[in-house]
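This is what each chain is made of:
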Amino acid sequence: MEASTPNPNPNNSNSILSSTPVWPTIDGPLGLSEEDSLSYARRFYNFGYALLPFLWAVNCFYFWPVLRHSRSFPRLRPYVVASAIGFSVFSVLLCSWALTFAIGGEHLFGPTWDQLVMYNVADRLGLTGWS
Amino acid sequence: MAQNQRPKSLLDSLGEEIIRILTPVSICMFLVVLLVSILNSSSSLSVSSIATIAYSETSSDSSWDKFLGALLNSLAFVAVVTVATFILVLFFYLRCTNFLRIYMGFSSFVVLGFMGGQIALFLIEKFSVPVDCITFSVLLFNFAVIGVLAVFMSKMAIVVTQGYLVLIGMLVAYWFTLLPEWTTWVLLVAMALYDLAAVLLPVGPLRLLVELAMSREEDIPALVYEARPVTLHDPASGPVQRRIWRERGNVRRDSVGNSSSNSSVNVVSDSNSTVSIVQASHNGTRIARVEEGQVSERDAELSAPLISPRMDGQDGTSAESLMLEGMGLGSSGAIKLGLGDFIFYSVLVGRAAMYDFMTVYACYLAIVAGLGITLMLLALYQKALPALPVSIALGVLFYFLTRFLLEVFIVQCSLNLVMF
Chain A
1 MEASTPNPNP NNSNSILSST PVWPTIDGPL GLSEEDSLSY ARRFYNFGYA
51 LLPFLWAVNC FYFWPVLRHS RSFPRLRPYV VASAIGFSVF SVLLCSWALT
101 FAIGGEHLFG PTWDQLVMYN VADRLGLTGW S
Chain B
1 MAQNQRPKSL LDSLGEEIIR ILTPVSICMF LVVLLVSILN SSSSLSVSSI
51 ATIAYSETSS DSSWDKFLGA LLNSLAFVAV VTVATFILVL FFYLRCTNFL
101 RIYMGFSSFV VLGFMGGQIA LFLIEKFSVP VDCITFSVLL FNFAVIGVLA
151 VFMSKMAIVV TQGYLVLIGM LVAYWFTLLP EWTTWVLLVA MALYDLAAVL
201 LPVGPLRLLV ELAMSREEDI PALVYEARPV TLHDPASGPV QRRIWRERGN
251 VRRDSVGNSS SNSSVNVVSD SNSTVSIVQA SHNGTRIARV EEGQVSERDA
301 ELSAPLISPR MDGQDGTSAE SLMLEGMGLG SSGAIKLGLG DFIFYSVLVG
351 RAAMYDFMTV YACYLAIVAG LGITLMLLAL YQKALPALPV SIALGVLFYF
401 LTRFLLEVFI VQCSLNLVMF
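Just so you know, the protein sequences line up as chains A and B, in that order. Note that the UniProt record's numbering has the first sequence beginning at 1, numbered continuously upward. Note that the UniProt record's numbering has the second sequence beginning at 1, numbered continuously upward.
Please keep in mind that the hints were generated in silico from the structure rather than gathered at the bench. There may be inaccurate statements among the hints.
[Stated by the list, open to error] Here chain B is said to cover these stretches of chain A; the calculated rule only asks that three of the stretch's residues, wherever they fall, bring their Cβ under 8 Å from a Cβ of chain B:
#1 22 to 33
#2 65 to 71
#3 77 to 87
#4 114 to 120
Here a beta-carbon is modelled for each residue, glycine too, at the ideal position from N, C-alpha and C.
Given only the sequences and the hints, what does the whole structure look like? Please build it.
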């Protein structure tokens, strides 16, 4: 009688107790190996400082298993955690600014609201006139 | 019981593979139909581009004039595309792949940034969304840069890459639907014929490109949608062996050497003994070119033929893959569909949406049927095939049949309350 071993789910461990994932990326066996992941994580983190906070978000999404299991992949973890912090800080700032702008509207900003809102800017610069 | 697993056959994975390529095509078509129905009712935008260079349609011309004008336009467009593809073949032959990659990265950035920005602006104006220019520019910049990275330059989550490819297809397809009507239909038929000729004729540029890539075992830098490979896990086969999604030819060569010596070693998460069964990437490209000044057609490296999930012809890989087949790892690789096919399918459906939703349903079903037929031919012939002709032929046929025959019937039935 063959006992079929349960297939190791690529994102979880082989044993029940320890939860170290085998693959650092969300794609499992189709993604990167651990050595390649280090350079990618570092590169995504560094480039995120070039006004690209969504690159931090992509970093967190891609290396989600690293983020979820807190004691795995010790070399990758600092970068991914820093990206997560950076992205949340940025999104708090951006959302607060955007909501202030949208909800505050004219009576908070005065005439500058009309100058800043996108559809007027587009009309002024003629961005939608050409095709 | 000992025998509780039947041997895995092709049918177990066939449905899933087809679904994995049909889903993004359907999503792209759906998004284009959505955009067309939201945006086109409000403003009529006339596009002057390379596809209207010979004739720009006005509604006062007679049908024959319109048809002739459309024919001239399409011939001009196909000529430009042919020349551009031959130039691409020349560059690839001279091994300027870096230049090609930079050029394609740049064109994707332009598509995502400018066309995406314009469509976002249309939507903002339509719905009067109170977003300010700072937020908008930051978001657009991020969107475009990450798109270029995801598609070309770096490895990223498969979902992100596939999503951006679908978005690029959607943006270019929406742009094409802004062309005049007769021009669009004749252009679709002309591109289908061009695709047929370019991939199957021995002198066709796409076939040359595919053969060059095969002989050098390189990837063509092109916009190609690759579906996730289907892995059939056989529990008796031991630990999951690693496959690489979208790998390069040289890695494959290394892994051939490794695998024959490591065939019986258990692979856990050891990157040294990666075994990969990705098919040889045979890609063709077709370019829609941009010109400065008034012209608005954007550069897009579009890939035409449908790639077969083929095994590498070398003996090493075939032996290894047979062994892996015996261990139940399943099919040989994922299906690849060029982005040009996404675009032209969506253009057809978008154009149908400009008439009525009935034509949309008919054309969608026709295109899906055509894609199914093409996939079956792919499985039969095991080489790169043009994905456009069958689907476009069926789509155009069903559009005209629906518009001129079915609609009359259904309208009369509804008026007489026979069916709705």
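Hint by hint, here is what the structure shows:
1. Proximity of the segment 22 to 33 of chain A to chain B, defined as three or more residues with a beta carbon under 8 Å from a beta carbon of that chain, is established by the 10 residues found.
2. Coverage of the segment 65 to 71 of chain A by chain B is violated. Counting CB-CB distances below 8 Å, 0 residues qualify, and the rule asks for three or more.
3. Proximity of the segment 77 to 87 of chain A to chain B, defined as three or more residues with a beta carbon under 8 Å from a beta carbon of that chain, is not established by the 0 residues found.
4. Using a Cβ-Cβ cut-off of 8 Å, 4 residues of the segment 114 to 120 of chain A lie near chain B, which meets the minimum of three, so the contact claim holds.
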